[in-house]
Amino acid sequence: MNTKHIAAAVLFAGSLVITACGGGEETRKVPEGVKMPENAPSAEGGAAAGLITAADITLGEIDNAMVEKGKTTYDVKCQACHSTSENRVVGPGWKGITQRRKPEWIMNMMLNIDVMLESDPEAQKGLEQCLVRMPNQNLSKEEGRQVLEFMRTL
Amino acid sequence: MMKRPLLMTGALMGAAGAVFLLVNTMPGCKPNTTKTVVTGDAASKVYVKPGTHDEFYNFVSGGFSGQLGIYGLPSGRLLREVPVFSVDPESGYGYSEESKGMLMTSAGFIPWDDSHHPELSQTNAVPDGRWCFINGNNTPRVALIDLGTFRTHSIIEIPNSAGNHSSPFSTPNTEYVVAGTRFSVPMGDDAQRDVPISSYKENFKGTVSFIKPDTSGRMSIAFQIVTPGVNFDLARTGKGVSDGWFFFSCYNTEQAYSLLEVNASQRDKDFIMAVNWKKAEQLVKEGKGKRVPGKHYSNWWNDRTHSAESTVYEDVLQIDPKEYPGIVYFMPCPKSPHGCDVNPSGEYIVGSGKLAALIPVFSFKKIQDAIAKNELEGEFAGIPVLKYESVLHGEVKKPGLGPLHTEFDANGNAYTSFFVSSEIVKWNVEKLEVVDRVPTYYSIGHLCVPGGNSAKPWGKYVIAYNKITKDRYLPTGPELTQSAQLYSIEGDKMELLLDFPTTGEPHYAQACPADLVKPREVKFFKIDENQHPYVAKGEKETKVERKGNEVHIWMTTIRSHFAPDNIEGVKLGDEVYFHVTNLEQDWDVPHGFAMKGAANAELLIMPGETQTLKWVPTKVGVQPFYCTDFCSALHQEMQGYIRVSPANSNIPLKGETKSVDAGS
Numbered sequence: 297m298n299t300k301h302i303a304a305a306v307l308f309a310g311s312l313v314i315t316a317c318g319g320g321e322e323t324r325k326v327p328e329g330v331k332m333p334e335n336a337p338s339a340e341g342g343a344a345a346g347l348i349t350a351a352d353i354t355l356g357e358i359d360n361a362m363v364e365k366g367k368t369t370y371d372v373k374c375q376a377c378h379s380t381s382e383n384r385v386v387g388p389g390w391k392g393i394t395q396r397r398k399p400e401w402i403m404n405m406m407l408n409i410d411v412m413l414e415s416d417p418e419a420q421k422g423l424e425q426c427l428v429r430m431p432n433q434n435l436s437k438e439e440g441r442q443v444l445e446f447m448r449t450l
Numbered sequence: 158m159m160k161r162p163l164l165m166t167g168a169l170m171g172a173a174g175a176v177f178l179l180v181n182t183m184p185g186c187k188p189n190t191t192k193t194v195v196t197g198d199a200a201s202k203v204y205v206k207p208g209t210h211d212e213f214y215n216f217v218s219g220g221f222s223g224q225l226g227i228y229g230l231p232s233g234r235l236l237r238e239v240p241v242f243s244v245d246p247e248s249g250y251g252y253s254e255e256s257k258g259m260l261m262t263s264a265g266f267i268p269w270d271d272s273h274h275p276e277l278s279q280t281n282a283v284p285d286g287r288w289c290f291i292n293g294n295n296t297p298r299v300a301l302i303d304l305g306t307f308r309t310h311s312i313i314e315i316p317n318s319a320g321n322h323s324s325p326f327s328t329p330n331t332e333y334v335v336a337g338t339r340f341s342v343p344m345g346d347d348a349q350r351d352v353p354i355s356s357y358k359e360n361f362k363g364t365v366s367f368i369k370p371d372t373s374g375r376m377s378i379a380f381q382i383v384t385p386g387v388n389f390d391l392a393r394t395g396k397g398v399s400d401g402w403f404f405f406s407c408y409n410t411e412q413a414y415s416l417l418e419v420n421a422s423q424r425d426k427d428f429i430m431a432v433n434w435k436k437a438e439q440l441v442k443e444g445k446g447k448r449v450p451g452k453h454y455s456n457w458w459n460d461r462t463h464s465a466e467s468t469v470y471e472d473v474l475q476i477d478p479k480e481y482p483g484i485v486y487f488m489p490c491p492k493s494p495h496g497c498d499v500n501p502s503g504e505y506i507v508g509s510g511k512l513a514a515l516i517p518v519f520s521f522k523k524i525q526d527a528i529a530k531n532e533l534e535g536e537f538a539g540i541p542v543l544k545y546e547s548v549l550h551g552e553v554k555k556p557g558l559g560p561l562h563t564e565f566d567a568n569g570n571a572y573t574s575f576f577v578s579s580e581i582v583k584w585n586v587e588k589l590e591v592v593d594r595v596p597t598y599y600s601i602g603h604l605c606v607p608g609g610n611s612a613k614p615w616g617k618y619v620i621a622y623n624k625i626t627k628d629r630y631l632p633t634g635p636e637l638t639q640s641a642q643l644y645s646i647e648g649d650k651m652e653l654l655l656d657f658p659t660t661g662e663p664h665y666a667q668a669c670p671a672d673l674v675k676p677r678e679v680k681f682f683k684i685d686e687n688q689h690p691y692v693a694k695g696e697k698e699t700k701v702e703r704k705g706n707e708v709h710i711w712m713t714t715i716r717s718h719f720a721p722d723n724i725e726g727v728k729l730g731d732e733v734y735f736h737v738t739n740l741e742q743d744w745d746v747p748h749g750f751a752m753k754g755a756a757n758a759e760l761l762i763m764p765g766e767t768q769t770l771k772w773v774p775t776k777v778g779v780q781p782f783y784c785t786d787f788c789s790a791l792h793q794e795m796q797g798y799i800r801v802s803p804a805n806s807n808i809p810l811k812g813e814t815k816s817v818d819a820g821s
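Same order as they appear, the protein sequences are chains H and Z. The first sequence begins at 297 in the numbering used here and counts up by one. The second sequence begins at 158 in the numbering used here and counts up by one.
Next comes chain Z alone, as it looks inside the complex (with noise of 0.2 Å):
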């Protein structure tokens, strides 16, 4: 979700004194400070002795920076940023040649995204530490991060949808991660597409879309769903009784295609959409649907070439649920839902009406019956709408303002995060009632319980992911770090632990044990296993050539020295391709390479790895290049120079290392 238009909800608007005054003035809300809701012991319950390891990784959106942040729990700490959907020149990811493939789409290369909802990939309805999901909401994306070797592994586009929001969340057994559009739009050819935007009723769908993952990571559109236009926003899997359905919030029934703020609030109930995904794929099986038009890019990382291999598709298998009766249906859900959350058991599944003072709860039992009695409100736009009261497990009454997102723990319980009362509130699923809640410091968005979202919650505590910073750290000007806050749910009561600063907006996130992590680390590329076209294994397969005004300089890294570290001949208007594979075979040794005015960044090459760097140069001269990673004592001697002369030279093209007395 965004931040400063919700601000914009409602008639406070977003400032400091306003989001105070919520906090203070809420029913149920006693005014709080810090010193009144952090008990004496909380630090010992994040304190994580030096040398020692956190419990938990949390996996936690980047936001815009369109990254993946990963931190320890209990005690908060950043362990590192995945580059993702978005360049970063400390890795040279997007940069290197090699990794560029990565960020390529149908509109070509995407250097940035905005990242929302990470998603661990499971067996049986519970996160197995194989991979982490992320969408990316603006260029409809999908990436998939291998938790061996915490990179970026693949990226799907997703043809035919406008903002991936409602995304990536996966099924029981990741046979699927899904892909809902936020935004409805036109498909088609380009006639199709070129109509009014007044058309929205008439013209405008929206999709969900079924991304297969297979045993290597790599991944392609299975089917989509094409649905009345509206926004999808959230989505989570059934599992247990209500394995084979999935569930997504939708907004915006209105069809307002302009000033949504106001018009597409108009309604008391929007809907959360049921699919039978099983039985979609049963038709897809039996050669149902239709390809139609929607180019789209799968990439993937090989780790043996050390280098993105993308696959292009010209179009995807859609399913209109109109003509395929049982596959999809409406629920109405108060009002403009955000989270669509379902418990460890699978009968229940959770709305969160953001604009609502209501928190609906819908039984899976019940909407069969109702789908096997035929209990409709109606039709729309074509697909059957269950009556509500049919569906309906109960209403949690007056809970807080604004329910955003759901999570659960083992013991019958959920804790649903509220934006504009700015609280988590921990209630009984079962009876519907409210047991405990607590302030937090500034408006949550999402919250995470390890395994909240699964069928077996780790429980232990729960973390708000919060909109709104203000004076909770060290001011740093006008814009400040976005922030995390940690609670115990151990007890009786929920307690808060600690505060941590998070890195771009942290939509959401998700929490495993670090031991079902830690087993799969991968520590370096095995040498031996390197297919780069231009790995050299070993000093003696370094060498220059020039292909063209193409210069080709196969190099390699140990401590601490480069081969070549002289080269000459090259000449103004040749493109130097530096071509480096670091020999090094042990863990955390990676080698940098930073080249004197290459309009780029740098390479940070792990051991094992081959990675290229281009240059083109636009001076005559002598200019060095350098390790930019501290690999030993002699890393500062870890330099080299080429020299570039003008484009008429003869001097003969060469590269070479000079030992004062090598031997052989």
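Bound-form chain H, shown alone (with noise of 0.2 Å):
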């Protein structure tokens, strides 16, 4: 985190009202395209990859068999911090999260977490909530898509 993103989280944090981890709030800035810091992780935090855009996903009707090997992997990877209610553990429940975040957003969040984490305001709103950053889980993209519609059910 560069200095910049430090003050604004200090300035933000003092007028935030806190109620969910980063997932309970109805208005919101989805930014139009995140842009790399000049200091932001290099390869070695495995995040140089392009970053997720809307044009990657295409969401249909909900894949069954997508969604068992979401689940799958949200067992293993992901539900020691994550309920699919909408309660918060460490991050924020699951629960209506497809409606609340851009499947781009969500991808990005598995994906490409140190790059969001430096750059994305969204994000950093829900790291000074939860004070933990999010562990990169080194999904493939391939399970990255298959999580995304085991949420969508949910």
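Since the hints were derived computationally from the structure, they do not count as laboratory data. Fair warning: there could be bad hints in the mix.
[As the list claims (entries may be wrong)] Here are the simulated lysine-lysine pairs, BS3-like style, with alpha carbons at most 30 Å apart: (1) H:K391 x Z:K697; (2) Z:K697 x H:K437; (3) Z:K555 x Z:K257; (4) Z:K815 x Z:K257.
[Unchecked claim] A few chain Z residues that don't get close to chain H, going by computed Cβ distances all over 12 Å: (5) E438; (6) A538; (7) T714.
[What the hints assert, rightly or not] For each label pair, taking beta carbons as the anchor points, the in silico distance ranges come out as: (8) H:D352 x Z:G754: 50 to 56 Å; (9) H:G346 x Z:Y204: 33 to 39 Å; (10) H:G346 x Z:K206: 28 to 34 Å.
Source: prediction; values computed, not measured. Just so it is clear, CB atoms sit at the ideal spot from N, CA and C, and this is done for glycine as well.
Build the complex: two chains, separate frames, hints provided.
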């Protein structure tokens, strides 16, 4: 986090009313495009790959086979911190998450967490509330997409 | 080699003054102070900017720590100490249930050893960055460290050996690494081994073993060559023109068994033993040799089950060179040789007689000619001894006192360490002429040039691994840090650049470019591939079960909580096994696990790994456990409680994590 972000975070935290961990706000600004700051983590952080955009994701009818695979990944790699209700454990609960967040934002949080925490104001807002950096669980793009499909059923 | 016994050799005893005196009075050694030998730009040559990497990895023996030290060069920064032969409470190595098997031997669980000589695996006689071997000198063992994980991946015990010093040097494609026994001993069944010590000449034998690592790093002993009773010291493979041969230095050809300091220093010459290992290998393929008693363990770390697997062998295949002429020859070498080093082309073999005042250089071509023409001095215990003059390329005259060990650059130069005169001497191998010398502080043992034992040395530096530290650092009581010194060899003159401390006695070291190793690094273990019998792949698989008086807890960790973190129903008399799986799947996120009152160490569990801590409670009450490795802003909250009730209690066994509003 660079100094500009820290300053912004302190100011923001002072006036923020926390309801739930990043998941429960009605109004929010979705970033149009996320820019990498100059001191963003290198490839070593696992985040050098380009961010996922809306064009990369096609949502159709719920694909039950994908949901099943997404649930399996969730049980091993996500469930310790995220419930399937609205309630926060370590990170936000997932019920209704796909109504609150755009699919590409969710995918980037799963697959490109270091870049998001470095540059995305909404991700940073979540960190201010949860205070635990979301782990990079090194999901493949395919696994991330399957988890997204599972989220759509919640 | 050992520090204090050698200090006692010669007329000068190992007091500080004596060491200074030696440095200052040696012929060819001008009095030097640190100020006169360090030039103005030395600092810039070893400066590695914050956030940038060193150019070389340096793999340094941990000596009597039993471990392997990993340093960066040219900075001399300590990067890691890899636990090998000694237990390591920091990582739980040797304390976790899974890792105890790595230290199993035919004598049981051995939690310590004396590690001496790192040796990098090779392809075409050049280090390839896959593995680093190191020998355990005390309870004879060889370990293989995987340079993808920087962990001890396998350890093999050497039967019919007593002190594995002459080890673990590699053949040019790591077909084998060798293990020559330092001490000869009687072998065979109980009656054959229960003999008077004074029957040394009659009953004591030596062995050199050829150890084969398979592609997974699991090691086995392909064959052993049994030799007359002598002490083996060091060894090097032939390569290039001498590929297929191996050379071992040996001392105590007097066959003394008491007061070796005097009794093993009588003869003008001892031997370098030349072994035609390809011929021995061929004999083995033909079914020659015989299996003899020799119980030994081969332990291997399984990266999928995250556990040690031990294989026990009852015997070993031995070849007696007296029955198969042409495998083994002795070459006379002055005097009690330590180093036995082969130049990059493979043509020259340099003996470093630690009590000699010259360096003999043998020629491989002449050795072959002498064998063909049968130019022998005689026999030693049934093994032919080649004529010294017939196999000698030449001698470096009066190079210094106490030559120990030699490595090479790519320009035809050799660098030999001199323990007694405390210096490094650079000399031309072909011309046998000294071209430069620098003092070391103090009493150098081995030295290392990156790739300096190989067919293609990278050169650039020579590093001195010293036996005496004295006044070089801030004093720390009677026990001081061990130390190394980095010299540039890029110019005509060697130039001292840096002192850096090491842990344990730095017997020997090797170095290779970091680029050979860095691409191999494993960043975490994939949880999907975890086959540990007690893995919990997600919190849904966590549970607590009783099996008699054993309580097994399938536990998970993730930033920043344990599941379960409230455990009740444990009773006095139970043995509690915490099987902890780290659910993280990112680099550099280990979690620690420590249990109050555990007569044990902590666990340090890498991402995707499962490790087990055994705890036997000794009193009734509620006790905490916690994460020892700072993992997040809520690390201090990463804790749990376990309740222990009296032996006759009826509290049901359960484990849970209570979220305030966990939803589903």
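Results of checking the hints against the structure:
About 19 Å separates the Cα atoms of K391 of chain H and K697 of chain Z, which keeps this hinted pair within 30 Å; it holds. The straight-line distance between the Cα atoms of K697 of chain Z and K437 of chain H is roughly 24 Å, inside the 30 Å bound, and the hint therefore holds. A threshold of 30 Å between alpha carbons decides the hint, and for K555 of chain Z with K257 of chain Z the separation of about 50 Å lies outside it, so the pair is violated. For a cut-off of 30 Å, the pair hint linking K815 of chain Z to K257 of chain Z is broken: about 34 Å separates their Cα positions.
Every Cβ of chain H is farther than 12 Å from the Cβ of E438 of chain Z; the closest lies at roughly 44 Å, confirming the non-interface assignment. Every Cβ of chain H is farther than 12 Å from the Cβ of A538 of chain Z; the closest lies at roughly 59 Å, confirming the non-interface assignment. Non-interface call for T714 of chain Z relative to chain H: violated, since the shortest CB-CB distance, roughly 9 Å, does not exceed 12 Å. The supplied range of 50 to 56 Å is met by D352 of chain H and G754 of chain Z, whose beta-carbon atoms lie about 53 Å from each other.
One distance hint, 33 to 39 Å for the beta-carbon pair G346 of chain H and Y204 of chain Z, holds here, with the actual separation near 36 Å. A beta carbon spacing of about 29 Å between G346 of chain H and K206 of chain Z agrees with the range 28 to 34 Å that was offered as a hint.
Comparing the model with each numbered hint stated earlier shows that hints 3, 4, 7 do not hold.
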